[in-house]
Structures are given as structure tokens and as C-alpha cells.
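> Sequence:
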Amino acid sequence: MLTASTIDSALRTALDEDAPWGDITGEVFIPATASARAELRARDDGVLAGIEVFARAFALVDPNVTVDLAAADGDSFTAGQVLATVAGPARAVLQAERIALNFCQRMSGIATQTYAFVDAAAGRARIVDTRKTTPGLRAFEKHAVVCGGGHNHRFGLSDAVMAKDNHLAILTGAGFSVAEAIRTARARLPHTTTIEVEVDRLDQVPAVLDGGADVIMLDNFTPAQLRDGVALIDGRAVVEASGNVTLETIPEIAATGVDVISSGALTHSVRAIDLGLDLTLEA
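Okay, so the sequence shown: first residue is 19 according to this note's numbering, each after it adds one.
Bear in mind the hints are in silico, worked out from the structure with no lab data behind them. Computed from a predicted structure; not experimentally measured. Take these hints with a grain of salt, some might be off.
Said to hold, decoys possible - Using C-beta positions, here's what the derived DEER-type ranges look like:
no.	residue 1	residue 2	range
1	T202	S287	21 to 29 Å
2	F194	W39	53 to 61 Å
3	H209	W39	47 to 55 Å
C-beta atoms are modelled at their ideal positions from N, C-alpha and C, and glycine is treated no differently.
All chains should be built: construct the whole structure from the sequences, respecting the hints.
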């Protein structure tokens, strides 16, 4: 999902935004012949994500910059730990520094948050992300979720069928049967494509089951309602819980017997992990 071309495209956009005509501070303060060495050091405990993106930012500015990695995506780290060493032309190191850190700090924040959610679920349900991601950075953020031990929901609108409340409202408002709409959709789809349907009331579940949905999302259900939904579905579809999921509510939700818990909080409002790049100029 997070391909080399995706990484390069996003990094070039970020570097062009940050230094469209070069780094004038570096050009007037730093000798062209100066070299620098720096350590990427954690200032928080966390889970690493985006270290290859971090390294690639420097290479795009100047291929003479080398980055030696001391940790890999998915690794846990503690405050004070050195995660990578950067060395090369000082101007290039300084120019790429902020962009490299921005990506790695946010991605590591997502991985760290995801790890906490996975730990709270204690293996009773799969933790997955949503489409509530930063525009243009979805591949990076979903990669970070995986680094934290979570799983990805659909990547976008093109790779899975997911009928949500607004889809159902339009169907029923036009007089169509939800069950028949699901069966019609199934007939038009490749056999490899799953169908998920969101419900916000238990009385919607029988029609969705009758239509043969593969996954049923129980949206904004209380824990008691989730248990009732799991019993009603009775293994005939994958059960997903969503809506107002927080780290504090994960254990109770996971205990209801749902298969999947999806949460936008993994990506939409996560706190970036504090990482620092401490530079030492070399002659």
C-alpha cells in the first residue's frame, strides 16, 4: 500500500512546500563544504512508524546524505533511544530535517495509539482504522496503523462495498427493499468483493442478513446492544462495532463478542510522538 512512488510523491510535495526556492537560511549561514552528523532520538516512549520515509526525505534532498537505521517500523522504543543516524552535507541535512521528522513523528503517534488500542482489546477483537485520515496521506497513516499491530479497513471507496446510513436512507426513501438491494449488488460484483452494511438499530439487522451481507457494522450501539446484535447475527456475518470508540471503551466493547472494532481516533486526532534530530557540525 505504501509504495516507493507514493512516498516520493508526498515527500516531494512537502519539500517543495517547505523550500520552494531553496533553504535561504542554510545558504547564507552554513558553508557549502560543511558536513553534519545527527542522531534521531526518541523523547517519548512509543512504537516506530515511518522510518523509511524519514530516510528517504534526506536522500531526495541530496543522495550524498546517508541514514543508518537503528530500529525498524513496528519496533517499540523508549525515551532517549537512538533510532537512526544521519550524516552528510550539512545544508541538505538541515533542509530535510523538518519534513523527515513531521512524517515520522505523526506516523509513530498513530502506531503508538494503535498499539494501545490493540493491547486494550486483548485479542478479543480486531482493531481497524477508518477513512478519517489526512487528505493525501492515507497510505502513510494506514501503514502506521499496521505498524502498531492494527489492521486496515477498506482503503477507499473503490476497493469494497460499504452501504452506510445515508445509502440506506436513500434506498428506503425511494421504496426499495434493503435485502433486495444487497442481493442485486451481489449479482453485479466480482465474487472476491465483500459487502458491508452499517445499521444503527437492531431492527435493521434481519433485512441485512436476509440480503446476505458479509459484514454488518453496528454503529453507535451500547455494549448491551452490541451483545444483542452479536447474538442476533449468530455467526452469519462478521460483526463490526464502530462509533465513539475510545481507548477507555475498548475493553468493554471487545468483551461483547464483536469480531472487529473500527475507530477513527487511530488517525484523525492522534498526538505526534516527540522525536528530535540533534545535529553536530563537522569540519
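> Next step is simple, just say for each hint if it's right about the structure.
Cross-check of the supplied hints:
1. T202 x S287: 21 to 29 Å: violated, 38 Å
2. F194 x W39: 53 to 61 Å: holds, 57 Å
3. H209 x W39: 47 to 55 Å: holds, 53 Å
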